[in-house]
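Please construct the entire structure, taking both the sequences and the accompanying hints into account.
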Amino acid sequence: MDYMNNRKKWVLSTIALLVAAFHLIPFYILITTAFKARGDFSSKWVFPEKLAFENFSEAWETANLGSALTNTTIITFFSALLLVIFGSMAAYPLARRQTRLNKFVFMLFVAVMVIPPLTALVPLYKLVVDIGMMNTHEIAILNNVASFLPLTIFLYSGFIRSTIPKELEEAAEIDGASTLGIFFRIVFPLLKPVTASILIIACVFIWNDYQFAIFFLQAEEVKTITVALAGFFGENANRMNLVAAAAIMAVLPMAVLFLLLQKHFVKGLSSGSVKG
Amino acid sequence: MYLPALAAVCFFILYPFINGIKISFTNWNGFSQTYDYIGLDQYTRMFKDPDTWLVVKNTLLYGIGSTVLQNIMGLGYALLLNQSIRMKSFTRTVVYLPVIISPLIMGYIFYFFFAFQGGALNDLLVSLGLEKINALGDPSINTWLIVFVNTYQFVGIAMIIYLAGLQSISKDFYEAAQIDGASSFQQFKRITLPMLMPSITINMVINIIGGLKLFDVIISLTGGGPGNASQSMSTFMYDLYFNRQDAGYAATQGVFMAVIILILSLSALVYFKRKEIEA
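The listed protein sequences derive, respectively, from chains Y and G. Mapping the first sequence onto our numbering, position 262 (from 1) lands on 1279, and the numbers just tick up by one. Mapping the second sequence onto our numbering, position 48 (from 1) lands on 53, and the numbers just tick up by one.
Any given hint could turn out to be false.
[Unchecked claim] For lysine-lysine, the following DSSO-like pairs were computed, each having C-alpha atoms within a straight-line distance of at most 30 Å:
hint, chain 1, residue 1, chain 2, residue 2
1, G, Lys280, G, Lys62
2, G, Lys278, Y, Lys1284
3, Y, Lys1120, G, Lys27
4, G, Lys278, Y, Lys1120
None of these hints come from the bench; they were simulated from the model. Because the structure is a prediction, the values reported are computed rather than measured.
Here is the structure:
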């Protein structure tokens, strides 16, 4: 609105600045806490005179953050990969061939979305113990994939129905391509925008997952970043500086990624949530 | 082509969910190989248990409280940041950033703020010559803090959805309204709000589901305490199963939670969808 007068513009800009400042307070406190030396009991609002970088190295080692970050990366990567492959493959026939069976299967996937993951927890835990998959990356991956598949299928099939022209596939079929061939060579590349949204939504949630990780990944060597941090907090509750340093290091990879890919993140999360 | 997906969903969600209903009729302790079917005993126990109602009350507070707050703030921020003003994209980024942070870690970040010993809030109060407050240990305050932290973390999603909604409203409506002499408030009420109905529906439904399922931030901020004072249904279930070896009862609470989430999210969906059509 170009005709907005100058005074109104300044008032609104000031309000925006206050909003930003208000939202930055927790981060400011996190940073000052993380940089205070062990005996420094000055107010959290005052920036420390001498920055205690040793908090970071000590936290990195005692919380075993290197291994936790590696585990989290492996689990997030493979969950996202399988999610995209199985999700898109499942969505294709459900979107294109509306037989009675397919309609039922689609409804089943949608209905499953409403089940709160925790309600299945008790028996799921038993199941995982019974099949001997406790404390493996595989169970975390499979479980993440299963819990995100319904939303993924929902988003993919909506996109296929509304934007992918059928004619392309029909032409390929006449040329003798198989269904899988058509799917992977023609349809899948066209799904790029929705694939990007799904990857962003799923990766944020899987990276941050605590609910499932705490149940299935308790052994030291498979701990993800959230589980490692929760354990570290439990052991060092009275050493806030160390915990804050660990929290910063745990948050940093995603924060950097977010700032680099901001546009895509916002677009992905908003379009995903708009449709989901 | 959907067989692998179907198998995964059946094996990891549907089968455990149905099994969960089965377990809710037993006295299983969570680890022994045997258990007995005890009919509706866990259900009568649940309805008589004062903790159930405390936890349901908290869960509703988390679900409805954060939904109301997130939508009011999210809409306010979207209206503000949809104007051509300075610091617009910076402010959007700042409001949005917490969305990507793990709710567990968000709880720790706010722990540094509210902790009784050495928390930033009490540092401030002391320097102002005021009494320290035990915000996290006081049940009448800490449940609201959980609502606040959840809102702080996810208001960015509400804001982005409202921004997208605002940007899809054609400028022509406002120009016509201005010619007719409508005030800004009338324009907001007659144009902006009705045109935003689809965004409102989405925000209501995802926020209500998110708030009712709240888990991580409670674990890290208050641990559900003191006692059970700030537990949600999710954390209560977790506690029953893992700390109290009461798996049958945990499953019963789980079934109850699914019913509550289903009823509330579907009512919100139906209610706001109807408003959309009227608007």
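Compare the distance between the alpha carbons of Lys280 of chain G and Lys62 of chain G with 30 Å, and conclude whether the hinted pair is satisfied. 27 Å, holds
Check whether the Cα positions of Lys1120 of chain Y and Lys27 of chain G lie no farther apart than 30 Å. 28 Å, holds
Keeping to a limit of 30 Å between CA atoms, is the pair of Lys278 of chain G and Lys1120 of chain Y held or broken? 23 Å, holds
Decide if the proposed pair is consistent with the structure: Lys278 of chain G and Lys1284 of chain Y, CA atoms, cutoff 30 Å inclusive. Status holds; Cα separation ~24 Å.
Hint check: no violations occur; every hint is consistent with the structure.
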